[in-house]
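A.B. asks: With chain A fixed as given, assemble chain B onto it according to the hints.
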Amino acid sequence: MAANGDTQTVSEYIVHHLTNLTYGKLPGGYERYDGSIVPEAGQWTMAHGADEMTAMGFNAVHVDSMIWSVGLGLIFCWVFRRVAVRASAGVPTGLVNFIEMVVEFVDGTVKDTFHGRNPLIAPLALTIFVWVFLMNLMDLIPVDLIPHSLMLVGVEYQKIVPSTDPNITMGMAIGVFVLMLFYSIKVKGFGFVKELTLNPFNHPLFIPINLFMEVVGLLAKPFSLGLRLFGNMYAGEMIFILIAALFSVGLFWLLPAALLQVGWAIFHILVITLQAFIFMVLTIVYLSMAHEDH
Amino acid sequence: MNINLTLIGQLIAFVAFVAFCMRYVWPPIAGAMAERQIQIAEGLAAADRAGHDLEVAQQQVDERLAEAKREAAGIIEAANKRAQAVVEEAKDTASTEAERVKAAAAAEIEQERARAQEQLLTQVSALALAGAEKILAAEIDADKHSDLLKTLSADS
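If you read the protein sequences in the order shown, they are chains A and B. The first sequence lines up with residues 1 to 294 when you count with the working numbering. The second sequence lines up with residues 1 to 156 when you count with the working numbering.
Mixed in with the good hints, there may be bad ones.
As the list claims (entries may be wrong) - Taking beta-carbon pairs under 8 Å as the criterion, some of the chain B residues facing chain A (in silico): (1) Leu11; (2) Phe20; (3) Gln39; (4) Leu148; (5) Leu152.
In short, the hints are calculated from the structure, not lab data. Glycine included, each C-beta is placed from N, C-alpha and C at the ideal position.
So here's chain B without its partners, still in its complex pose:
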């Protein structure tokens, strides 16, 4: 067990290594680790926030979905009502139109009938006159009885 200059040499080496470690080794490693710690903490917090945000968004989605469903139901109902109304309206219009057409047709028919009757009457009276002329020609003077015949035709 000799104590000698080795002691001093080791002391110097010790100081040098501690100084080196203090200057070039410890700060970068400890700094990087501290920085990583902060980053991880931030990451976890962000994840928490994101989870919360997701929940809120899900809630909003649900609300919007329900609203949309309600709106859709309303629209369908309104459309149904409108369709019914349109159908009713169409029915009304159609029946009115039919009435009108029917009435017009009836009026025309009546007109046609009156005209035909008049024509027929004229033809019958001419025929009757012709027949009567032939019967009477033999015995009745035309000039004498023309007034009578005129009044007859006018009556019919």
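Bound-form chain A, shown alone:
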């Protein structure tokens, strides 16, 4: 677990675990970690250390988050597509049975919450539920296993839980937000403007106040969606890292740390499922609200 041998402190260890593998564009004139100066035009490179990441600003990609997130998404697509090809009205067996159970669960949740008729909602909910669950599931893999293995082959940073990256959770939340806006306008048309301006005080004088309140309420939705997932997963990951750090404190702490690790992991099985479920249900609820005409 030591990046720099025995000299690494616990706080360095934690920070290291919370740093993404970043590829981005350094601005011109920036002095790099080894003293070299970036050319005027800027330079696309792997970031080394938190300072360089900050310097990159928006022009950067968290390579680890993207790979794990897209990889898990592909696993979802591959497994479910295989089942979809094999699915028939006959007797389902094994994997088909399990996948159908998931589909049925999502379908039931959608039907309970969303009363309109929209063929997008159920597949959207299924994708969100399974994908977020898979991303959260990475949290249960021991925190040092993959980052340390990759470090041995020269990859400096690795954060394997995509949902502890706000970019990932907010990316999905913004996707849902765009859908909310799209369906609000599509279903309500001008009624959506009325909803924003004449609610809750139905008087022309109150339009600015109404607009401010409604817009804040509207913008709060994607943030509540994305940041809730991020916050929960980040905190959970942080506790795993702290427990992992506890192992290095001393022999006496081995047993308590192991017990804590097991306990938190078992509890976390509940958390990751619940967070995936909450993300899905909130998506359905928000889209359902977008479809409702007052």
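C.D. replies: Showing chain B alone in chain A's frame:
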């Protein structure tokens, strides 16, 4: 907490996966499940119908069985009656036949007796004549008394 291009990348991946799921995953699975649901409902209905049909068939079988039993009883009764009648008839025929045979036998016997009597009478009269001839030969002329003898034989 750096917000950067990852956000856009995730957004694109999100759209792609949802589109894939909507196009290639959800419809086949949901379709298969809906189809199975219909099939199961139909199967249950068919089972119900079959049960009902069985009940009806059982009822019909019972009815037919009872009818057959009644018919069989009727046939046996008729057969018994017929057998009795046949026996009676046979008895009648037999007794009539016996009467007839008896009567025929009696008539024949009577005939035989009459013939024997006649024969016997003829023989007795011839014997008597022969005896009388021998007795009278000595003293009576045959020519003289032949008329008398003829009337005697004719009388007997």
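A.B. asks: Run every hint past the structure and note whether it holds.
C.D. replies: Comparing the hints with the structure gives:
no.	hint	verdict
1	Leu11	holds, 4 Å
2	Phe20	holds, 5 Å
3	Gln39	holds, 5 Å
4	Leu148	violated, 138 Å
5	Leu152	violated, 131 Å
Hint compliance for this structure: hints 4, 5 are broken, all remaining hints hold.
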